[in-house]
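Using the sequences provided together with the hints, build the complete structure.
Count along the sequence shown from 1, then add 33; that gives the number in the working numbering.
Since the hints were made in silico from the structure, they are not lab data. Note that the coordinates shown come from a computational prediction; the quantities given were computed from them, not determined experimentally. Idealized CB from N, CA, C, for every residue including glycine. Among the clues, some could well be false.
Quick list of the computed label-pair ranges, beta carbon to beta carbon [what the hints assert, rightly or not]:
# : residue 1 : residue 2 : range
1 : ASP116    : GLU59     : 31 to 41 Å
2 : ASN88     : ILE109    : 30 to 40 Å
3 : ASP116    : TYR69     : 32 to 42 Å
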Amino acid sequence: MPIKIRAILSLPAILALGACGIAGCERYASRYSCDYVESRAEYEVWYWKNVAADNEEDEQLIGRATGLRMCRENAIAHSQAIDDEFSDRSYICALMENGKRMEKHRL
34 MPIKIRAILS LPAILALGAC GIAGCERYAS RYSCDYVESR AEYEVWYWKN VAADNEEDEQ
94 LIGRATGLRM CRENAIAHSQ AIDDEFSDRS YICALMENGK RMEKHRL
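Encoded structure:
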């Protein structure tokens, strides 16, 4: 029972943080701001050739990008260069901070 009480008591604090923008970006389930995730974050761009085959061994680091739009554009360009059918499942953007992968996103 104490866990439930703590959860209920902490809800107002969580809501207050969200109102201040400290909680991050709900749109991307991120702890970072939406502006940072969309436009300023540095990403590793990962691509899965023939994603429909669902073979994890086909994943490949294809480059780096700043912002989600550039990440997606890099993935599309790569799919065209290797003559692969692009889908939104074909790529993932790994948000990098101090050399560590922090979150994964797509535009």
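For each hint, the structure was consulted:
no.	hint	in the structure
1	ASP116 with GLU59: 31 to 41 Å	holds (37 Å)
2	ASN88 with ILE109: 30 to 40 Å	violated (21 Å)
3	ASP116 with TYR69: 32 to 42 Å	holds (34 Å)
The structure fails to meet hint 2 from the earlier list, while all remaining hints are met.
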